[in-house]
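K.L.:
For reference, the chains in residue letters:
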Amino acid sequence: MVSNDVVIAVKGLNKWYADFQALKEIDLDVMKGEQIVICGPSGSGKSTLIRCINRLESFQEGSIRVEGVADQNDLLTLRRTVGMVFQQFNLFPHLTVLRNCTLALTRARGLEKAAAEDVALSLLDRVRIREQALKYPGQLSGGQQQRVAIARALCMSPKAMLFDEPTSSLDPEMIKEVLDVMADLASDGMTMICVTHEMGFARRVADRVIFMDQGRIVEAAKPDIFFEAPRNARTRAFLHQIL
Amino acid sequence: MAFDLPFLLQILKAIFQAMPLTLAIALVSCAGAFLLGFAFEILRRVNRPLGLLMRLIIDFIRSTPLLVQIYFFYYVLPYYGVVLPGVVVGGMALSIYYSGYLAEVFKAGIDTIPAGQSEAALALGLAPMDVTFRVIAPQMLRNIAAPMGNYFVSILKSTPYLAVIGVAEMMGMTLEIASSTFRYAEPMLLLGIVFFILAATMAWCVRRLEVRLMQSSKR
Ligand SMILES: Nc1ncnc2c1ncn2[C@@H]1O[C@H](COP(=O)(O)OP(=O)(O)OP(=O)(O)O)[C@@H](O)[C@H]1O
Ligand SMILES: [Mg+2]
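Same order as they appear, the protein sequences are chains A and B. The first sequence maps to residues 152 to 394 in my numbering. The second sequence maps to residues 125 to 343 in my numbering.
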């Protein structure tokens with residue numbers, strides 16, 4: 152499934168917050184259809200890295216190309232090309248589930264209301280929550296909200312999806328329903344980068360697992376190698392801690 | 125203060141005649157202050173230099189007396205060839221004066237919205253205008269309906285200041301009767317009661333609006 156087309160190309164990325172360097176010399180090519188899991192200790196720069204990809208964060212050195220769309224110039228196109236799912240869901244509380252999903256379709260894609268609702272309903276269906284379409288986010292459970300957030304991002308037909316710890320603020324019994332949706336997406340060939348500490352998911356779904364520490368990519372390997380025979384001592388220590 | 129029905133009716137008539145203009149000025153000023161205050165607050169967030177400039181403007185507006193601003197526009201603009209009727213100057217002065225206060229209210233209303241809201245909107249590829257008007261503004265309104273309503277009531281209660289530049293609002297008209305008859309008690313008492321009723325009605329409308337906004341998202 153993984154092809155040779157590069158969807159996201161990160162080269163020589165360096166990022167500072169004031170004089171604190173959060174990312175150091177990051178190189179990463181994500182292939183079409185590839186699923187990458189990023190893990191690492193708190194503060195290692197995982198969020199910063201994926202937020203740089205859709206420019207929620209700016210950076211000082213290096214380049215990031217998404218589907219060949221080069222740097223800064225066309226932010227809107229870039230952001231419509233990659234979807235993002237946040238730890239806190241960030242659904243719009245004043246809009247219904249359906250409107251959450253259609254907002255960008257009507258405002259950014261220029262679709263008519265009816266056409267946008269068709270798209271939205273089919274994606275809500277895909278995350279198995281279509282029957283909640285007319286509720287407000289506050290009326291849903293965390294797991295349901297996160298699935299809506301995934302559907303909302305999918306509405307824009309992104310070429311890649313970024314997930315930043317999508318299950319970290321969920322109650323344990325809801326984690327599975329979200330991971331299942333993500334695994335479905337992966338098996339449909341969605342290109343994705345997922346920051347998560349769900350190592351079972353990484354083993355099952357990832358083509359590559361990346362370990363970050365202190366702003367660097369320390370290790371990147373196929374899951375079986377990553378989990379069975381990590382080369383780096385820090386990776387081993389980290390895995391020892393969380394597994 | 126003997127009971128003098130014809131006199132009371134004469135006063136009431138004057139007040140009611142001036143009421144449409146007074147309400148019109150108040151409503152237009154509410155809208156003006158709302159739009160201007162919102163523009164100030166949005167511009168304040170664009171970047172640092174603009175932010176500092178807006179901060180300065182907002183603070184300046186808020187720390188000069190309303191009466192000074194009214195006189196300033198009324199007597200200084202004609203000096204530059206801009207001659208406007210008192211009604212227009214009055215609406216302008218009220219809009220500008222209260223825009224400073226509303227900008228502060230909007231700031232508080234926006235500050236309580238989690239950063240994730242605009243991040244999620246931006247991540248979807250929404251244009252900054254849509255992020256502002258479709259995602260941030262509605263949530264802000266929900267947060268600030270009550271304090272904003274209080275300022276709207278204040279705007280209504282500030283219309284008497286416009287008497288000083290000859291606007292035929294309720295205060296000026298009442299004052300005319302009072303000074304021509306040298307009887308101040310009844311006119312001012314009645315005017316107070318009328319203002320009370322208007323302000324209470326307005327506050328009630330604002331509360332209704334607040335409830336509606338709250339209901340629309342159950343959270
Ligand atoms: N806005 C910011 N200003 C200053 N420093 C920041 C900012 N955001 C992040 N940092 C710092 O950059 C480093 C990387 O942060 P980042 O959020 O990317 O870590 P993370 O790997 O996602 O951690 P976590 O697992 O806790 O989410 C941390 O040391 C953090 O304190
Ligand atoms: Mg993080």
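Hint data in this document are derived by calculation from the structure and do not stem from the laboratory. Hints may be right or wrong, so weigh each one.
[What the hints assert, rightly or not] Label pairs and their in silico Cβ distance ranges: (1) A:A169 - B:R336: 40 to 46 Å; (2) A:N383 - B:V170: 41 to 47 Å; (3) B:A251 - A:N383: 39 to 45 Å; (4) B:V335 - A:S319: 43 to 49 Å; (5) A:Y168 - B:M143: 31 to 37 Å; (6) B:P252 - A:A384: 42 to 48 Å; (7) A:D276 - B:L159: 40 to 46 Å.
[As the list claims (entries may be wrong)] If you want the footprint, here are the derived chain B segments under chain A, 3+ residues with CB under 8 Å: (8) 234 to 247; (9) 262 to 271.
[Unchecked claim] Chain A is nowhere near these chain B residues, computed Cβ spacing over 12 Å in every case: (10) L136; (11) V255; (12) L337.
All values derive from a computational prediction rather than experimental measurement. Yeah, the Cβ is synthetic: ideal placement off N, Cα and C, and Gly gets one too.
K.L.:
Against this structure, judge whether each hint is valid.
P.N.:
Outcome of the hint check:
| no. | hint | verdict |
| --- | --- | --- |
| 1 | A:A169 - B:R336: 40 to 46 Å | holds, 44 Å |
| 2 | A:N383 - B:V170: 41 to 47 Å | holds, 44 Å |
| 3 | B:A251 - A:N383: 39 to 45 Å | holds, 43 Å |
| 4 | B:V335 - A:S319: 43 to 49 Å | violated, 35 Å |
| 5 | A:Y168 - B:M143: 31 to 37 Å | violated, 58 Å |
| 6 | B:P252 - A:A384: 42 to 48 Å | holds, 46 Å |
| 7 | A:D276 - B:L159: 40 to 46 Å | holds, 41 Å |
| 8 | 234 to 247 | holds (count 8) |
| 9 | 262 to 271 | holds (count 3) |
| 10 | L136 | holds, 44 Å |
| 11 | V255 | violated, 10 Å |
| 12 | L337 | violated, 8 Å |
The earlier numbered hints that this structure contradicts are 4, 5, 11, 12.
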